[in-house]
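Taking full-length UniProt numbering, the leading residue of the sequence shown gets 1, the next gets one more, and so forth.
These are computed hints drawn from the structure, not numbers from a lab. A couple of the hints might just be wrong.
EDC-like, lysine to aspartate or glutamate: derived pairs with alpha carbons at most 20 Å apart [claimed, not checked]:
(1) 202 x 173
(2) 113 x 95
(3) 159 x 191
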Amino acid sequence: GLQGSAPDNARKKDMLARSQLEFMGYAVEWSPFNAGRLAVSTSQHFGIVGNGQQVILDMKGKNLAPVHVANLSDGCYDCTWSPVSENHLAYVAGDGSLTLLDLASKKRLRSYKEHTAEVYSVDWSGANKRYIVTGAWDNTVKVWHPDRPSSLRTFDEHKNCIYSTAWSPHHAELFASTSGDSTVKIWDMNDKKAIQTIPAHKYEILTMDWSKYDANILATGSVDKTIKIWVR
């Protein structure tokens, strides 16, 4: 049931479960440990103003039942699961914060607030399993370690807000970021300068993803209505 023109009864038949959220869904992430567990980042009013929630849902028959709801005073835009602990999750918000949550205790492990504008993207590395990368509308990218009290490094070459960040699934210290400056930058976390800059589109680049099969290939999507594949 992926076709948008499918009749309502076909779509309902193909739907495994549903949940009515209080706010608008901005990001969904399946747990890498629990097949029926889903993390959802939500925001009021299209994420422009208002509150947000980080919601954890479990599939219960045809329903998605809330396991935990973290209420935020700003929009919640993205989340990422720890690749090593089934109870740990990171999420980011419009107040510039990155929060690490422990679901076992329902408590925050850490909350960082170094970004000076909305944090729009977060990714926990599956290759090195230790580091987290965030991208914000203050034009910066930051790398974090969950055991450290502050960020490890800030990357500030972008000339406009950051829309997406993602670790390479093949190289433990490489990640990429996309921006409103129409570029994709590839970084080594040990080098403050980007190792490659791709002027990929005419307008803002909202999303990107690394190929899971080829370490040198990535895809980008832009406001210019194009999807492009790149070899780094």
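Here is what the structure says about each hint:
Pair hint residue 202 plus residue 173 does not hold up; C-alpha atoms about 28 Å apart against a cutoff of 20 Å. Proposed proximity of residue 113 and residue 95 is supported: the alpha carbons are some 8 Å apart, at most 20 Å. About 18 Å separates the Cα atoms of residue 159 and residue 191, which keeps this hinted pair within 20 Å; it holds.
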